[in-house]
Amino acid sequence: MGAISIEPVQHSMVVRIKSADFPDDSFAVTIPESIGDGSKSIWVQPMVSRIEWRTNPDGSLQYELDVPDEARYAVHVTANDDTVDIEITLTNNSNRVWETSHAFTCFNGAAAYSFADHELIRTYGGHTGKLIRLIEHPRKPSERPPIQLYGVEGAPSANQTPFVAGFKATSPIVLEGFLAIVSKNRQGVMAVASRNPLYLFNNLEYSCIHACPNFGRPVPGNSAPAFTRLYVMRGDLESFYKRFRTDFAA
Amino acid sequence: MVDLEEMIRIPGGTFIMGTDEREIDEMSRTFRVHRSWFLRETPRRDVYVADFLIDKYPVTRGQYARFVRETGHRPPLASRLEEPGDADMHPVVGVRWADAKAYAKWAGKRLPTAAEWEKAARGTDGRTWSWGNEWNPNALNWNPNEQRDARRVGTRPVYSYPEGVSPYGVWDMCGNVAEWTADGYLGDRVGSVKSGGWLTSQPYNLRPAFGGFSQWAENASPFIGFRCAT
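In order, the protein sequence lines correspond to chains A and B. For the first sequence, the working numbering assigns the number 377 to the initial residue and increments by one for each residue that follows. For the second sequence, the working numbering assigns the number 2 to the initial residue and increments by one for each residue that follows.
One or more of the hints may lead you astray.
[Stated by the list, open to error] Partial list, derived from the structure: chain B residues whose beta carbon lies under 7 Å from chain A: (1) Arg33; (2) Leu40; (3) Leu187; (4) Gly213.
None of these hints come from the bench; they were simulated from the model. Glycine included, each C-beta is placed from N, C-alpha and C at the ideal position.
Between the sequences and the hints, there should be enough to build the whole structure, so can you do that?
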């Protein structure tokens with residue numbers, strides 16, 4: 377039995393996460409807030425009454441949602457010792473090719489009081505092989521100041537995705553495929569990383585971090601998988617970074 | 002004797018709004034913050050504001066409770082105080098932008114514009130904080146070293162920080178609560194919030210020119226309150 381437990385919130389996209397290592401903190405992940413075609417993304421909130429989480433014998437969670445004539449997706453969530461794995465399979469059920477496709481999955485630390493960072497002072501990314509504190513790097517000011525999006529090294533330019541460009545808040549810096557928040561006592565890290573992410577997102581209002589996976593360019597009828605890992609781990613930022621590099625080695 | 006209903010007259014005229022490049026460079030160096038964090042405050046400019054009145058103190062829990070009792074309006078989000086004594090004299094928090102506007106209307110007032118709010122806080126000389134240009138950690142209720150968190154609300158009674166009073170005699174314009182103002186963005190889905198509050202740990206986020214906590218209008222926050230103007 378690992379340190380992490382997960383509990384779904386029925387009729388929502390939310391899974392609550394608790395860690396025995398950080399008993400005073402409550403984490404939440406919303407899987408996903410939006411998904412599908414990057415130029416016509418589906419907002420899931422209006423359909424939450426249809427979400428029925430199931431708990432599998434191994435403790436993992438899953439649900440599926442069908443949006444007629446547009447998309448179908450299946451979510452599978454597994455708790456490990458100090459990580460939570462999220463697998464999403466997305467099917468293009470529209471009659472058009474999606475030039476970009478994504479899942480906007482939100483890892484929220486607002487009630488993780490040891491971690492919550494509403495001023496961006498303990499939030500980090502990776503840039504050309506180094507850890508950087510985001511507040512020391514360029515930010516695109518917008519009419520919604522708490523949010524910021526970041527492109528990912530090796531991925532298509534973030535603003536090529538209309539979903540991303542619409543926020544008008546994409547930083548000029550491009551990061552590795554994760555975002556991390558260090559706890560106030562510097563002894564823990566919450567982080568999110570995806571395999572092949574399309575872009576990253578941070579909202580200081582909720583102290584949330586996203587590493588939004590890219591499902592590629594699915595043609596009608598095709599499916600593609602994506603993988604996201606959440607970390608709620610003891611240790612310092614460097615130890616997280618080593619883990620990330622091992623877990624997401626090419 | 003504290004008169005919570007007292008309003009301060011702010012004379013019409015121009016004042017210096019925003020932040021200039023020199024100040025940004027200095028803050029960027031001092032606090033290791035990229036200068037883009039401050040770009041929404043630029044350019045520093047002369048702004049004319051007509052004569053107006055502004056509440057001397059933020060709206061308190063006690064005042065807001067009376068509004069809720071008399072109108073049946075939604076109460077603020079439940080929140081436990083760090084120091085519950087004299088709770089009615091603490092600024093109200095946990096209110097959405099629309100709640101703040103509804104209170105102001107009920108009181109026969111309105112929310113100040115962001116420009117009015119900033120003028121009431123800084124006066125006309127372009128000072129950095131309401132009391133002057135030198136940081137004074139004792140002049141406001143803030144969150145040094147992030148010692149507090151949102152489990153308990155860390156507001157203080159609105160008369161607690163006389164050293165922080167603005168040139169016009171307006172209290173709590175830096176710290177205690179960040180404040181909703183009348184300005185809106187993104188089709189009024191985002192409400193303008195000025196300065197920072199008891200949960201704010203960085204001095205640069207507690208300046209009256211700061212608007213980085215402007216947030217989704219539908220959301221209430223444990224460190225955002227408001228005051229009214231006429």
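Against the structure, the hints:
Annotation: Arg33 (chain B) was flagged as interfacial toward chain A, and the flag holds, the nearest CB pair being 6 Å apart, inside 7 Å. Checking Leu40 (chain B) against chain A: minimum C-beta separation of about 5 Å stays under 7 Å; hint holds. For the restraint placing Leu187 (chain B) at the interface with chain A, the shortest Cβ-Cβ distance is roughly 5 Å, inside the 7 Å limit, so the hint holds. A cut of 7 Å between beta carbons decides the hint on Gly213 (chain B): the least distance to chain A is about 5 Å, and the hint holds.
Against the hints set out earlier in the document, no violation occurs for any number.
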